[in-house]
Amino acid sequence: MKALTLPLGALLAGVFVVAALVSLVWTPWDVTALAVRDKLQGPSLAHWFGTDQLGRDILSMVMAGARISISVAVVAVGVGMVFGVPLGLLAAARRGTWVDELVMRFNDLVFAFPALLVAILITAVFGPGALNAILAIGIFNIPVFARLTRGAALSLWQREFLMAARVAGKGPLRISAEHILPNIAALLIVQGTIQFSLGILAEAGLAYVGLGAQPPTPSWGRMLADAQTLIALAPHVALFPGLAIVLTVLGLNLMGDGLRDALDPRLKERRR
Amino acid sequence: MSGLLQVSGLSVTIGALPVLRDVSFDVAPGEILGLIGESGSGKSMTALALMDLLPPRARRSGSLRLEGTELTALTEARMCGLRGRDIAMVFQEPMTALNPVLCIGDQVAETVRLHTGASRAEARARAAEVLERVGLPPAEFPLSRYPHELSGGQRQRVVIAMAIALRPKLLICDEPTTALDVTTQARIVALLRRLVAEDGMGMIFITHDLGLVAGLADHVCIMRGGEIVERGPTAPLFREMRHPYTRALAEASEHVPARKPAGAGAPLLEIRDLVRRYAGAPGPAVDRVSFTLRRGENLGLVGESGCGKSTLTRALLGLEATQGGSIRFDGAEIPAGAPVPRAVRQRMQVVFQDPYGSFNPRHRVERLVAEPFHLLDRPPKGRARRARVAEALESVGLSAADASKYIHEFSGGQRQRIAIARALVIRPDLIILDEAVSALDVSIRAQVLDLLAELSGRFGMSYLFISHDLGVVRAITDRVMVMRAGRIVEEGATEALFRAPEHPYTRELLAATPSLATALA
Amino acid sequence: MARYLALRLAILAGTLFAASVVIFLALEVIPGDAAAFMLGLNAQPDTVAALRAELGLDQPALWRYLGWIGGALQGDFGLSYTYKVPVAELIGDRLWVSLPLTLYALALSTAIALPVGILAAARRGGPADITVMGATQLGIAVPNFWFAMMLVALFAISLRWFSAGGFPGWADPLAALKALTLPAVALALPQASILARVMRSALIECLGEDYIRTARAKGLTRGQALRRHALRNALIPVLTILGMQFSFLIAGAIIIENVFFLPGLGRLVFQGITQRDLMVVKNVALLLVFAVTLVTFLVDLAYAAADPRLRTRR
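Protein chains in written order, with the numbering used here: chain G, 1 to 272; chain S, 1001 to 1521; chain Y, 2001 to 2314.
Keep in mind that the hints were calculated from the coordinates and are not lab data. Keep in mind that this is a model prediction, so the values were computed, not measured. Be aware that one or more of the hints could be misleading.
[What the hints assert, rightly or not] Which chain S residues face chain Y? A few, computed with CB under 8 Å, are given here:
#1 G1084
#2 E1093
#3 H1148
#4 V1275
[As the list claims (entries may be wrong)] The list that follows gives simulated cross-link-like pairs (lysine-lysine, DSS-like), each with its CA atoms no further than 27 Å apart:
#5 S/K1381 with G/K170
#6 S/K1405 with S/K1381
#7 G/K170 with S/K1260
Virtual Cβ for every residue (Gly too), placed ideally from N, Cα, C.
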């Protein structure tokens, strides 16, 4: 059961990554072509997932929607890591000083703004768009990685092998790169997977309330918003994009759990 | 049958792995039985088997009779009624054995309430009495104290209070003093001895320390690899030592490596009035410490935890700033607060205590050992680097092929050898050994001490040997300093100081240190 | 204890101050002329000038900031440009939907998650544990607004047990609670999944601690050791997550209000965005930040209550 978590998760998430990539060159139907005559059809051989209120093929829309969801979430994780990890390393290397305090207070400040609020502020000024979602989720990810990195690095700084590195004349920068980063990489990968899945959920939420990607770009959250008024009439329109979100997030979470088990040296030691 | 506890044919397996094989012994009321062994000998497993608190996958067989009652036949519910009332246990780690979020009064009172149905007030009154009995009078240590507000020794007294609150018939102590300082250890052992005498309970005292058990137990069992290899009344057993393992253990625990005493070389390290003060601390951690270490000399520094010896080490290594005094290394003066220059760092290395935490688990041995090359102006590269690492590994008794392995492939003793190789690799003039053998079993410790003695002879290095263990310091140093509360209270040639200590604290330390020879004398 | 409290209060105040500056900069300085922004591209210059005067935009930024915060501290949030009523009044009305909804969801989530997490930890590896782990894994993956839509499809449209949306007001408290039930469930279940998993793993961690062995050696049964010793220690990490969940719930509530057409802060702020009513957006944002930081502060206090080590440290 435990051994299956990682492959199963990777398979689930992989399906949607592949779907997103394929949609770049091919989708079963054109997602921009409207065919109002064919609107709200149930699943059939021609339209596996049926059609929406404008007669667009839902399977094609789900494939194309994967593109926006996945890229927003990936970039947001990247933003979080690129800014958060160095901040955390810096704070830990300068633990107990004003630098550390400043990083911590910055974390507190960013944590006071839920991603949705950031998106609201950006949208209020610049108008809606996919970039808002990336910024909002990415900003939220920064303190997540900063805190995680700082905590893990702090406990490493107490270890004797870092003392030995200092006796060998190595400075904080070198020690952070040579000793700390490789030892927290596993932790960061696992957290990255989790933030990836949270990013998918957050992007869907933002798109649903109109703060994410704008039509005609297909996105899962937007599709659900459109499907909402039709739920009594054609529940399948709401079903498939929702399932796509659930399965992608589930896959990523399973992957995260599997990676944690595979990479956590604590668990490995115990098994030995 | 006058016995209190009869253990016969006790075996424990975890999965398919046997951890205890056919262990049998008796304990009479008022008797102290010592269980001795190195790590992995099965001594702690024996205690957990008696308590029926083995890890989930462990299976036990054999017979355990407490006053005629067969314990292995009891249900879990009956066992719960017995634990804490008839059989109680004291654990090794007082820092983690207590619940951090409950006050000590409640934790002691819990034993009472659980088994007697006493009211909250009665149980607390009882807890106060028991705490008084173990040396924590409520006037000084109110019941409302939390564990983190107490020292290690005080916490161990609380654990003991919980165990003896209901005057159990049998008390099992699993390395109860291993985590404590020697003077604290002496007080805790005296307390346990008094409690046994007053209550007439039987006690099983588990330890790795032969000297300690020889001065305490009536009977001893020597364990190795899950079996009892020798047993008998304490004094005759240690006088005769029939089993070779007992002899080996006794020899290792008092081992003195062969070495030539150092001649009086030129001063290498001179410390004058060194001060290290932490912001917010009431007094300095290192308080005007002065000493001189000569070339080729082994200098010992002994003291109990918190005396400032580790702070002093870090200050010497340039890992912490100093606030006063000076360090002079081979004539080069380093004023207080100034960073220790590279030229000096190249000539000093360190070996730490923890053989598990001293290495980056993600690097191979070659990279680990080569780390101090960073200090050199022209670090060796490629083949030259490999050759120097191989040489260092071979000089500590490992092979050049070990360079490509990861650290988890080595045992604790081997890791400590690798730590020594790492210190050796840049041929320093001084190696600081910070509790470098304290985490090792006695037989491994003896081997590492031999290695250290041999290396200092071969390379003409000086050691600053820091330890809480007086026996080890006596075995390997030429001169010794005794540190207390940040200050050096006594200093002198090792043998002379051990024979005729002058400072009362040195005397107290020496008196508290258990020794097999003294115990049998 | 007093020092800990003072420190936490200082951090609360500092965070709030910094956050208000960020909001002010984002909404009033970065867009340039807020009046022109609010009126859109086709506005007449004299209307823009009039609005600028009305909003006091001709004053320096620092002055305006102080005026805003000074007013906010006295409960005066200015006038909504589109509704022409005090923003405080608007927020006050909407708060009576959003706040009860959030608290309702928090209560539900906690009431479900803690017992479930404890059960799973106590029966670790058993069928109950495996079921809980599977169900929560799924629960975490479900977006709350989609879950809300599915709830509407099932309970409002098919079964007709609940209405599909709207809010009758607090005149009839029972009807109001009933209207909030589906939204609260939709908000609570995904959060409960996370909380249950945290509870489980924290408890399992604590059950492996030395003091549990000590407790068992005293004669406590496995269950007694879990209840009296492990549980309180396990609550410390659970508190952290509970505090973070509040901020997720606030954000979630804003989204969920859209599914159920609830007249809460979420609806207000989205209308504010569409109508470019910066007065509304600015003050709702401030209120949300205030709520999140206040909860963080309360969690810090709860920490101190749960962990005696915090009370004496520092």
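Hints and how they fare:
Residue-level restraint check for S/G1084 holds (minimum Cβ-Cβ distance to chain Y is 3 Å; threshold 8 Å). With a least beta-carbon distance of about 6 Å to chain Y, the hint placing S/E1093 at the interface is held under the 8 Å criterion. Taken as an interface hint, S/H1148 checks out: its beta carbon lies about 5 Å from the nearest beta carbon of chain Y, inside 8 Å. Hint on S/V1275 is violated. Least Cβ distance to chain Y is approximately 25 Å, over the 8 Å limit.
Restraint check for S/K1381 and G/K170: the C-alpha separation of about 18 Å stays at or below 27 Å, so the hint holds. Annotation: proposed proximity of S/K1405 to S/K1381 holds, straight-line Cα distance about 19 Å (limit 27 Å). Straight-line distance between C-alpha atoms of G/K170 and S/K1260 comes to about 36 Å, which puts the hinted pair past the 27 Å bound.
Of the numbered hints listed earlier, those contradicted by the structure are 4 and 7.
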